[in-house]
Amino acid sequence: SQQGEEDPQALSIQEGENATMNCSYKTSINNLQWYRQNSGRGLVHLILIRSNEREKHSGRLRVTLDTSKKSSSLLITASRAADTASYFCATGRGRDDKIIFGKGTRLHILP
Amino acid sequence: EPEVTQTPSHQVTQMGQEVILRCVPISNHLYFYWYRQILGQKVEFLVSFYNNEISEKSEIFDDQFSVERPDGSNFTLKIRSTKLEDSAMYFCASRGRSFYNEQFFGPGTRLTVL
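Residue numbers (this note's numbering), protein chains in the order written: chain X, 120 to 230; chain C, -11 to 102.
Think of the hints as simulated: they come from the structure by calculation, not from any bench. Possibly wrong hints are sitting among the right ones.
[As the list claims (entries may be wrong)] Simulated crosslink set (DSSO-like; lysine-lysine; CA at most 30 Å straight-line): (1) C/66 - X/175; (2) C/66 - C/30; (3) X/175 - X/222; (4) C/66 - X/189; (5) X/188 - C/66; (6) C/30 - X/188; (7) X/189 - X/222.
[Said to hold, decoys possible] A partial selection of chain C residues facing chain X, derived with a Cβ cut-off under 8 Å: (8) 21; (9) 43; (10) 53; (11) 57; (12) 84; (13) 96.
We put the beta carbon where it would ideally sit given N, CA and C, even for glycine.
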């Protein structure tokens, strides 16, 4: 699983399966966000969950947040080849909400 | 849909030269950020900017770096004397007033220092 700022991981699954990525962090946060990046290109914002929320859905994405355990998970249901990318957990912190990124999970969807 | 834009998309420079990376944040946003990503590594926070001044900066953001919002629309990152290790993708981001607003990222500028 991703460990906040220290989280390399790779995940390969068959197309159509669900993909689950986990993230943990160490300090208090304003919010937690997930981003996708294809092959070193731009960052695509997927979803933001507030620190007082526990679960959020967006299309095929489901994010959970457990602030007591300082952890989050991203579930992608019914994966597609186009979901192949790196996924980053990122926490918003401080008065300016700077984002601290994890090292990411490389997701590969097998045809 | 509003978006953050960055120019140039790719900048090649010689070591020791000055570079300016440009960003146009979303027009009604109040917070502005620069991040960088060295190839194969994670995205790192450099600096945040609010109310026409730096509000927070990381250890990476040393005296060689500076930021400006010269005309109310552009937001620039200057590296005075580039080093080989400055080679990275640089992302600009902006956000509205609330912590519950997402940060919108630009497409990035790939800086290559030779």
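Any hints from earlier that this structure breaks? Give me their numbers in increasing order, please. 1, 4, 5, 10, 11, 12
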